[in-house]
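**Student:** Turn these sequences into a full structure, and let the hints guide you.
When the letters of the sequence shown are read in order and numbered with my numbering, they come out as residues 1 to 251.
I should point out that these hints are in silico values taken from the structure, not numbers from a laboratory. Keep in mind it's a predicted model, so treat the numbers as computed, not measured. Don't take each hint at face value.
To be verified - Keeping only pairs whose Cα atoms sit at most 25 Å apart, straight-line, the calculated DMTMM-like set for lysine to aspartate or glutamate is:
| id | residue 1 | residue 2 |
| --- | --- | --- |
| 1 | K243 | D102 |
| 2 | K186 | E131 |
| 3 | K217 | D152 |
| 4 | K31 | D224 |
| 5 | K2 | D102 |
What the hints assert, rightly or not - Listed next, with one range per pair, are the computed distances between beta-carbon atoms:
| id | residue 1 | residue 2 | range |
| --- | --- | --- | --- |
| 6 | K139 | Q74 | 25 to 33 Å |
| 7 | R211 | I72 | 36 to 44 Å |
| 8 | K212 | P16 | 27 to 35 Å |
In this text, a Cβ means the ideal position worked out from N, Cα and C, and glycines have one as well.
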Amino acid sequence: MKGVILAGGFGTRLHPVTKVINKHLLPVFSKPVIYHGIEKLVEAGIDKIMIITNPQFIEGFVNLLGSGQDFISQKTGKQIQIVYGIQNEPSGIAQGLWIAKDYVGNDNCVLYLGDNIFEDDISEYVKQFKEGAVVFLKKVKDPKRFGVAIIDCNNKVIEIEEKPQNPKSNFAVTGLYIYDNTVFDKMIGQPKSERGEYEITYINNLYIKERKLKAVKLQKEWFDIGTFESLLAASKFYETKSKTSGQEIKN
Numbered sequence: 001m002k003g004v005i006l007a008g009g010f011g012t013r014l015h016p017v018t019k020v021i022n023k024h025l026l027p028v029f030s031k032p033v034i035y036h037g038i039e040k041l042v043e044a045g046i047d048k049i050m051i052i053t054n055p056q057f058i059e060g061f062v063n064l065l066g067s068g069q070d071f072i073s074q075k076t077g078k079q080i081q082i083v084y085g086i087q088n089e090p091s092g093i094a095q096g097l098w099i100a101k102d103y104v105g106n107d108n109c110v111l112y113l114g115d116n117i118f119e120d121d122i123s124e125y126v127k128q129f130k131e132g133a134v135v136f137l138k139k140v141k142d143p144k145r146f147g148v149a150i151i152d153c154n155n156k157v158i159e160i161e162e163k164p165q166n167p168k169s170n171f172a173v174t175g176l177y178i179y180d181n182t183v184f185d186k187m188i189g190q191p192k193s194e195r196g197e198y199e200i201t202y203i204n205n206l207y208i209k210e211r212k213l214k215a216v217k218l219q220k221e222w223f224d225i226g227t228f229e230s231l232l233a234a235s236k237f238y239e240t241k242s243k244t245s246g247q248e249i250k251n
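**Tutor:** Now the structure itself:
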């Protein structure tokens, strides 16, 4: 299993800060945003990760992360491998994943949108994965803001609505996916959406047609670092968590 972290985009909702720094390099309390994604994948046993970003920000990621020497593989006890891919234009999540096609090779992959932070442990879902695809859902109060999944009694996804005015569920599709290797075949001939991007929803809908898109409901905190408000909320959460952990260790 390989990991692919998408860390591109221009972070326009975080301007003017993100005019000079990629939002995935911003701090969430004591760690850059990107650390959370890498650590989550390493925790799940993934030790080969491609980070995909804009050409103007690649130097910042290389300076921070290098080849992965600060992260230790659970399988080998040695450093993980981090490599880089360039997305020259923001042409959609599916197009970002396509850049990693040769790196993923014949493996399956976890696709992680780097501006998401998850508290849930995904290790078992990665270990048990065999075929099809998995989306991770989170119950939200304002589903109109998100892609919303409708699932059956077996946790199979039967429909995904993009920012619906009248949502049929309150389970938002988060920025975390597991795909088998057929994901790249599904991208061949994919049309652009009305907003001119190669959407990951198109790919997910192909898995739905095959009845192979499974849902996992997240139980713990999830942050989508796209606004100053969410960045601050995440920082406060991890500040509190750090203090609590310190007290527990001290006691």
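**Student:** Take the hints in turn and mark each one as holding or not.
**Tutor:** Here is what the structure says about each hint:
Restraint check: the Cα-Cα separation between K243 and D102 comes to about 43 Å, which exceeds 25 Å; the hinted pair is violated. The hinted pair formed by K186 and E131 meets the criterion: a straight-line CA distance of about 14 Å does not exceed 25 Å. Pair hint K217 plus D152 holds up; C-alpha atoms about 13 Å apart against a cutoff of 25 Å. Straight-line distance between C-alpha atoms of K31 and D224 comes to about 15 Å, which keeps the hinted pair within the 25 Å bound.
The suggested pairing of K2 with D102 holds, with an alpha-carbon distance near 11 Å, which does not exceed 25 Å. At about 30 Å, the beta-carbon gap between K139 and Q74 stays in the expected band of 25 to 33 Å. At roughly 39 Å, the beta-carbon separation of R211 and I72 lies within the given 36 to 44 Å, and the hint holds. In this structure, K212 and P16 break the distance hint of 27 to 35 Å, their C-beta atoms being roughly 43 Å apart.
Against the hints set out earlier in the document, violations occur for numbers 1 and 8.
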